[in-house]
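> So the chains spell out like this:
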Amino acid sequence: MNLTLRIWRQAGPDAPGSMTTYQVGGISPDMSFLEMLDTLNEELITLGDQPVAFDHDCREGICGACGMVINGQAHGPERTTTCQLHMRHFQDGDTIDVEPWRAAAFPVVKDLVVDRSAFDRIIGSGGYISAPTGSAPDAHATPVPKEAADTAFEHAECIGCGACVAACPNGSAMLFTSAKVVHLNVLPQGAPERASRVRNMVTAMDAEGFGGCTNTGECATACPKGIPLPSIAAMNREFLRAARG
Amino acid sequence: MTTATRTARRPSTLATLWRSTVGKKAVMAVSGLVMLLYLVAHMLGNLKVFAGPDDINGYAAWLRTIGQPFLGHEWFLWIARFGLLAAVLLHGVSAYQLSRRDLAARPSKYVHKRRRASYATRTMRWGGVILALFIVWHILDLTTLTVNPVAEEGHPYQNVVASFGRWYVDVFYIVAMLALGFHIRHGFWSAAQTLGANNARRDRALKLTANGLALVLTAGFLSVPVAVMTGVVS
Amino acid sequence: MSDYSDYRVGEPIADTKAPTGPIEQRWDQRRFDAKLVNPANRRKHTVIVVGTGLAGGAAGATLAEQGYHVVQFCFQDSPRRAHSIAAQGGINAAKNYRNDGDSIRRLFYDTVKGGDFRARESNVHRLAQVSVEIIDQCVAQGVPFAREYGGLLDTRSFGGVQVSRTFYARGQTGQQLLLGAYQALSRQIAAGNVEIHPRTEMLDLLVVDGRARGIVARDLVTGAISTYTADAVVLATGGYGNVFYLSTNAKNSNATAIWRAHRRGAHFANPCFTQIHPTCIPRSGDHQSKLTLMSESLRNDGRIWVPKAQGDTRPPAEIPEDERDYYLERIYPAFGNLVPRDIASRAAKNVCDEGRGVGPGGQGVYLDFADAIRRLGRDAVAAKYGNLFDMYERITAEDPYQVPMRIYPAIHYTMGGLWVDYDLQTTVPGLFAVGEANFSDHGANRLGASALMQGLADGYFVLPPTLNDYLARNPLPAVPTDHPSVVEAEAEVEDRLNLILSVDGDRTPDSFHRELGELLWDECGMARDEAGLRRALARIPQLREEFWRRIKVPGTGQELNQALEKANRLVDYFELAELMCLDALHRAESCGGHFRTESQTPDGEAARRDEEYGYAAAWEFTGTGAAPVLHREALDFEHVHPTQRSYA
Chain A
12 MNLTLRIWRQ AGPDAPGSMT TYQVGGISPD MSFLEMLDTL NEELITLGDQ PVAFDHDCRE
72 GICGACGMVI NGQAHGPERT TTCQLHMRHF QDGDTIDVEP WRAAAFPVVK DLVVDRSAFD
132 RIIGSGGYIS APTGSAPDAH ATPVPKEAAD TAFEHAECIG CGACVAACPN GSAMLFTSAK
192 VVHLNVLPQG APERASRVRN MVTAMDAEGF GGCTNTGECA TACPKGIPLP SIAAMNREFL
252 RAARG
Chain B
2 MTTATRTARR PSTLATLWRS TVGKKAVMAV SGLVMLLYLV AHMLGNLKVF AGPDDINGYA
62 AWLRTIGQPF LGHEWFLWIA RFGLLAAVLL HGVSAYQLSR RDLAARPSKY VHKRRRASYA
122 TRTMRWGGVI LALFIVWHIL DLTTLTVNPV AEEGHPYQNV VASFGRWYVD VFYIVAMLAL
182 GFHIRHGFWS AAQTLGANNA RRDRALKLTA NGLALVLTAG FLSVPVAVMT GVVS
Chain C
1092 MSDYSDYRVG EPIADTKAPT GPIEQRWDQR RFDAKLVNPA NRRKHTVIVV GTGLAGGAAG
1152 ATLAEQGYHV VQFCFQDSPR RAHSIAAQGG INAAKNYRND GDSIRRLFYD TVKGGDFRAR
1212 ESNVHRLAQV SVEIIDQCVA QGVPFAREYG GLLDTRSFGG VQVSRTFYAR GQTGQQLLLG
1272 AYQALSRQIA AGNVEIHPRT EMLDLLVVDG RARGIVARDL VTGAISTYTA DAVVLATGGY
1332 GNVFYLSTNA KNSNATAIWR AHRRGAHFAN PCFTQIHPTC IPRSGDHQSK LTLMSESLRN
1392 DGRIWVPKAQ GDTRPPAEIP EDERDYYLER IYPAFGNLVP RDIASRAAKN VCDEGRGVGP
1452 GGQGVYLDFA DAIRRLGRDA VAAKYGNLFD MYERITAEDP YQVPMRIYPA IHYTMGGLWV
1512 DYDLQTTVPG LFAVGEANFS DHGANRLGAS ALMQGLADGY FVLPPTLNDY LARNPLPAVP
1572 TDHPSVVEAE AEVEDRLNLI LSVDGDRTPD SFHRELGELL WDECGMARDE AGLRRALARI
1632 PQLREEFWRR IKVPGTGQEL NQALEKANRL VDYFELAELM CLDALHRAES CGGHFRTESQ
1692 TPDGEAARRD EEYGYAAAWE FTGTGAAPVL HREALDFEHV HPTQRSYA
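Protein chains in written order, with the numbering used here: chain A, 12 to 256; chain B, 2 to 235; chain C, 1092 to 1739.
In short, the hints are calculated from the structure, not lab data. Take these hints with a grain of salt, some might be off.
[Claimed, not checked] Straight-line distance between alpha carbons at most 20 Å, and here's what the computed DMTMM-like set of lysine to aspartate or glutamate pairs gives:
(1) Lys1475/C x Asp161/A
(2) Lys1643/C x Asp60/A
(3) Lys1643/C x Glu158/A
(4) Lys1643/C x Asp1601/C
(5) Lys114/B x Asp105/A
(6) Lys157/A x Asp1392/C
(7) Lys1475/C x Glu165/A
(8) Lys157/A x Asp1601/C
(9) Lys1475/C x Asp1601/C
(10) Lys110/B x Asp25/A
(11) Lys114/B x Asp60/A
(12) Lys1643/C x Glu54/A
A quick note: this is a predicted structure, and the numbers were derived from the prediction, not measured.
All chains should be modelled from the sequences, with the hints used to inform the complete structure.
What follows is the structure, encoded as structure tokens:
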């Protein structure tokens, strides 16, 4: 396959950026999108140009490091992470636009690399259960209904890639935050900190400069792990309950 | 040596709500639902126009007597008006503040444009502005009668027929009611989501209800100008 | 300079920290003997933790909870992305919730035997003891393990073990355990007890007066080189499987931290003990950047075969039954497709070497579910393996319900690592290594669902008390920032980066890495022999020399420069690869993941030679390309008596 790539290049956080056009040839449909970019980068290095910087690590869809907006869609046309998107979903001769996640809370570091540390601070504000090492009772001391365990798991699957924020027209982190709130609040172990958790996490989320939710549903459509939109409703419920009490 | 990370004193419920995006959105949801309830009553009242001038004029007069003798003349109406004014202001101010925040949270747009979300969702902000302008006109036209061509106090039937006799009023009214329909279509479901009433099982039912409400209210409100325009009501 | 393979044998090395006495009481005894730091004084001690995976995340959180000032590093943009996150299967614990005869002793026994008698008994027994507490800890943190309808934890049997002791969270156990540790760590970061440095890579160890006193690290965003001092340094930087270029490791997992520590005096133990996983998705072409594991559980119902004839390129459906070779069932009739990882891997390599491999490049064998689908029905197969089938189809665009899967072995885990004593301390005082970065618990082969167990055991339960002891016993005067060792270490790091940038040649870092990886895979992969290892040992220095002539890295060191990061890691891979080959060459026996073709039983099984090689090999660095010194740690087996395994 031969492709035309239009990629956002930006030398540093404060440098101006622009879309730069590249031609790549010899792309196999079996390549992942990142392997296609590897191919481009090998050529760029040989030419003495700076390769395109992008975050990536596990390349099996679980670490959440990779993420770019491909033709206007977070992680591209398939519902998966960029590393698990394969070139067979494109046609020979296509022009592909590649841009970084866009949000005030995710400033661009370089090219397609953005700073997502705001997510870590949201988790630090309450996305945990306070259980210092050694203090735990036997694992069977508190049975957890299977339904609660399954709901917790479904929300704990979030990989923190930031596609929800990138896809949201308001750059909102509601889906990310709600995934963690629901995961922990639905478990009996998370109950003692239930109210403070949601209050503190929503406060932290707002303080990071993420937008609010206008219920467009773009986040859940983009989420590679299928965190459902009603999670946000569940977090809202937790928040209103916590604000009252 | 474990250190707790909580703040020592918690702010009041109202402060917690107003200061957070989630709480402010809940304020929007509740004020929106208050207005929605009012609109249902308003729309049903409007339909009395089809029963003739005496019926609707009598209904208008009755509205001023609700609660008597416990309440004075028009007291209920004024209470309702202040309640609605508060709802409109809370809804509008929250919307304005949240929108500013949302726009600031996404300062640079994507180069590759792509249509996102449904029409109703995308038009909430402009739809809201149209509705706000409409409300001002509507009050001047049919409440204070400032811009009404007949302006007969206590005769809403005559005022309505006269007002809808102007083509530009009809156009504005129709546009505003279509905007209202879209606004409710997204707004009702969105309010349920914001207030935490939604879940995976209810999602579909809520969306259907939102569509139904939007359709019935729009059709109900539009029936009056259409009836005037077609001469069914004159 | 002497020839590299002409190594010298130095003084034997011994673990002096493990108490003697009944094995069940050793860990209690060690904790009792350990000196404690007064809680009020702990905040005056700074501990550096490098890495935020299961071991590092758990250690950082626990040390901070105890009151120490922790300074922690990861090269990823967030501590949540460490590669522990990709572990699928589960975590072992001797809870015996099933009442199926499990016990701490049985887990201990299975692990020593599974490690093919090349692990230390004291360590493994402690691991089995601590395993029980790990599950309690993780449940308290909210890790959503699979549960039964009664609300109690579900377990499964894993990797051919006869008891059901593996706790799991669907196919994402590593992710869930890591997020538990990450959340505990995040809480300590928010509380100000852990100072976190993401996107910061350790490039050297600071040794002052013979003690590890800090690290030199590069901020990957600005390129700034800084020295961070501390009272002790903990390396939790994972394994070195990426030396092979293609492995199931994350792309950025690397050996630089442990290798720089090795260069500064930490002995490196058993580098040739690498584990190969038989069920990975084969490479689809030269562009392949990494390999993806498919859970081993697939072998429970899938049948492995290749065509009987060489170079048979017919689609699998057109190959009649009598022209197929179900080679595992043929060679190992008792165990069939369920033989251990190393045996299944080597058998696949053998049939592919015979020219009977399938798929692109002939590097693959079929894993066929047609029989299972006929026997159980498509729905039952989908219920068991649906998510794996989907993953396979996403990557290969082939539907495993219709066409047999293609699989091939891949490098997956490294049992070798920095030599540590019972306290997890390396040969550099004050330098500790935890998790996959050390060599301690798995011997020559790791059992399924044991990596997560070891990482968390080290981080949550083993390191904190032993580190306590080190800090309590040793005077640790502050290191001034202008100390000659600091200045020298920083200068060395800067010089090396500048040297790489100054070459301005014509080959990319990846091209060198691929070449090194292929060489290692061919000569030091699933099967090794003397001639091949000598070939590799001759070729690696040539590659290194070529690297310094032809490497091309655009840009500067004062910015985010991913090509520079890769090239810099490669320099260490060359030296590590050399030591791996030497270790494999010197160990003229087969054991666990290390198979020397010269040392096999008449039926082709690995033949251990306990008399000569019943030790752990700890190597001392003497200079780039210079012959290292071998220190042997004799291994005694008082409780589990070495036996030769047989699966025929």
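> Does each hint hold? Answer for all of them.
Structure-based check of each hint:
1. Distance restraint check for Lys1475/C and Asp161/A: the Cα-Cα separation of roughly 17 Å lies within the 20 Å cut-off, and the hinted pair is therefore satisfied.
2. The straight-line distance between the Cα atoms of Lys1643/C and Asp60/A is roughly 10 Å, inside the 20 Å bound, and the hint therefore holds.
3. For a cut-off of 20 Å, the pair hint linking Lys1643/C to Glu158/A is broken: about 55 Å separates their Cα positions.
4. As the CA atoms of Lys1643/C and Asp1601/C are separated by approximately 10 Å, the hinted pair is consistent with the 20 Å bound.
5. As the CA atoms of Lys114/B and Asp105/A are separated by approximately 16 Å, the hinted pair is consistent with the 20 Å bound.
6. The suggested pairing of Lys157/A with Asp1392/C is violated, with an alpha-carbon distance near 27 Å, which exceeds 20 Å.
7. With a CA separation close to 18 Å, the supplied pair Lys1475/C and Glu165/A stays within the 20 Å bound.
8. Our distance criterion of 20 Å between C-alpha atoms is broken by Lys157/A and Asp1601/C, whose separation comes to about 47 Å.
9. A hinted pair counts as satisfied when its Cα atoms are at most 20 Å apart, and Lys1475/C with Asp1601/C does not qualify at roughly 38 Å.
10. Restraint check for Lys110/B and Asp25/A: the C-alpha separation of about 17 Å stays at or below 20 Å, so the hint holds.
11. With a C-alpha separation of about 29 Å, the suggested pairing of Lys114/B with Asp60/A is violated against the 20 Å cut-off.
12. Taking the CA atoms of Lys1643/C and Glu54/A, the gap is about 11 Å. The hint holds against a cut of 20 Å.
The structure fails hints 3, 6, 8, 9 and 11 (numbered hints given earlier, in ascending order).
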